[in-house]
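Protein chains: 2
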Amino acid sequence: MRLGEVGEFGLIARLRELAGPPASGEVWAGDDTAVVRAPAGTILFTTDIMVEGVHFDLSLTGPEDLGYKAMAVNVSDVAAMGGTPRRAVAAIGVRPGIEMEWLERLYNGMRECAGEFDAAVVGGDVSRSECLVISVALIGNPAGRLVVLRNGARPGDAICVTGALGASAAGYRLLRAGIKDRPGLVQAHLRPKARVAEAVALRRQLPSAMIDISDGFAADLGHICEESGAGAVVDAAKLPVVSLDGVELDCDPLELALHGGEDYELCFTIAPGRAEAAAHAITEATSTPVAIVGEIVDGAEGMKLIVDGQTKDLEAKGWDHLKS
Amino acid sequence: MRLGEVGEFGLIARLRELAGPPASGEVWAGDDTAVVRAPAGTILFTTDIMVEGVHFDLSLTGPEDLGYKAMAVNVSDVAAMGGTPRRAVAAIGVRPGIEMEWLERLYNGMRECAGEFDAAVVGGDVSRSECLVISVALIGNPAGRLVVLRNGARPGDAICVTGALGASAAGYRLLRAGIKDRPGLVQAHLRPKARVAEAVALRRQLPSAMIDISDGFAADLGHICEESGAGAVVDAAKLPVVSLDGVELDCDPLELALHGGEDYELCFTIAPGRAEAAAHAITEATSTPVAIVGEIVDGAEGMKLIVDGQTKDLEAKGWDHLKS
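Keeping their order, the protein sequence lines are chains A and B.
Heads up, the first sequence is in numbering that gives the first Met the number 0, so the first residue is 0 and it goes up one at a time.
Heads up, the second sequence is in numbering that gives the first Met the number 0, so the first residue is 0 and it goes up one at a time.
Read the hints as simulated data drawn from the structure, not as lab findings.
Hints are supplied without guarantee of correctness; some may be wrong.
Residues from chain B that face chain A, not an exhaustive set, calculated with beta carbons under 7 Å [stated by the list, open to error]:
#  : residue
1  : A28
2  : D31
3  : V53
4  : D56
5  : L59
6  : M80
7  : T83
8  : V88
9  : D124
10 : R127
11 : C130
12 : A200
13 : D312
14 : K316
The beta-carbon is built from N, C-alpha and C at its ideal position, and this holds for glycine as well.
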């Protein structure tokens, strides 16, 4: 049945059914607002919007993956503050001709991602719209008083990165080319794994700054440098560049790792004496590898990349979807 | 300058400037998430999306009014739970050809509305989009342990309504007809006043159920009845129908009051012995009139309207923008 036949209230009723009973002491969909438990002190609050034709192409992604990713990009932002995701609301704009089943699958994808982190979708809004848009807002708990901002990096700090870089950008290119022999890369693009457990494992090591890699490693490290008034020197040989051996793609893996974006790995800085211990703590807790890729330097030095013994400028360029 | 020239990071920098410094102990725009203070216990959490061509027409509304309303509809939801709004994030999709100045005016409208209620816009996201969409998510504080849900109405309870009904729908029709002699009605449509102070003044009187009138009085009273398993009898003569005397509109004021929608007044139910005191408390605190318009009855009786001594069915029909 199509959404236009079900109508707003039929849709709300169906989504309440799918969501199941609320957590104890909470009120989820079906009232003017959701009522959710919050810890005393501070909470994390974020929103990310995904728009058809800009962030996704329905000929390349299905509704479950789309819902999953719309949630994952928000969860990743909470992880990048050292926090854990708790409750989300989702505002969606869809063409009324859409099938209810498709919309249910989209919600299931959001719920699947939230559920992996013990979070939940507790409400939302749906409107008719000529273009499909999914806007998730998420609240999360910080780690006690500790919130890891972007502005704490200090000269001498080690620069660390979880996982591998460039996998999402490579997966996107494979999807577009219709090449199906590297599903792992395609999954990295369609269903990024937010690094919540990694951020939790890192807490005791007190990182000085952290960001999730959405715009691209260089652009996001650039955000840390800008907010911290610092510079950076990165050793290309130490970057965890995704392997594209045997993949028929005409692109430079290092370029994808630096500027590809959407990896949703964590980039953090930390006092150099604690970097090895931090990497070890994360890998022991989660099996996710951590690479120490460079050092924070004085702001006047800007961002540099060492490639084959040569030092060159590292441009903080990334994907700017607003620039036409 | 156009947004496409300014780019995402230029935009973020400008919006941070406009937002001013964050409240003490908080972090607003510029990091992965905002960090905001929350009371211990529970918080209210809601989102509402507004889409061009569905919720607004740019030939009839300016950016300040649009931003104001996008915030007001969320604030109204928090008021309808008996709470006060605190912090909002806004996800916006816009055509890249849009002027930065226009977008700044939109933000200023959102901030103006939030500021009226001692709330603030603390972050957000902007994407390119072929259609203009504004999705605000808002957290608010409940009144201690008291949260006023839709499901608490009991037979015998009085049904009360703040302000006047039908003003927004009349204002919309005047706007479309280009009639400018009743600016108050047009303002009711473009800049609805969320009834936060009214909800606060009502707290001590312990309303049994409450909703804000967004879909239309009949539809929203219908939501209370459905959630409470109750019915309702409404006296048309007591409804605070907006006066359209002298207005050249070919419409029935009662029809607009019942089904027009977007009034953002509060409809609440309350034990009959406290209804007069509740109305008095609200009017004394805010000058907003409160009308006692009917009575909750057994669910089997459905919803009835008494007009000129005749009792007829009151259909819970409202605006369903998903139905094509």
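Now for the hints, and whether the structure bears them out:
no.: 1; hint: A28; verdict: violated, 11 Å
no.: 2; hint: D31; verdict: holds, 4 Å
no.: 3; hint: V53; verdict: holds, 5 Å
no.: 4; hint: D56; verdict: violated, 14 Å
no.: 5; hint: L59; verdict: violated, 18 Å
no.: 6; hint: M80; verdict: holds, 5 Å
no.: 7; hint: T83; verdict: violated, 12 Å
no.: 8; hint: V88; verdict: holds, 4 Å
no.: 9; hint: D124; verdict: holds, 5 Å
no.: 10; hint: R127; verdict: holds, 5 Å
no.: 11; hint: C130; verdict: holds, 5 Å
no.: 12; hint: A200; verdict: violated, 18 Å
no.: 13; hint: D312; verdict: violated, 18 Å
no.: 14; hint: K316; verdict: violated, 11 Å
Checked against the numbered hints above, the structure breaks hints 1, 4, 5, 7, 12, 13, 14 and satisfies the rest.
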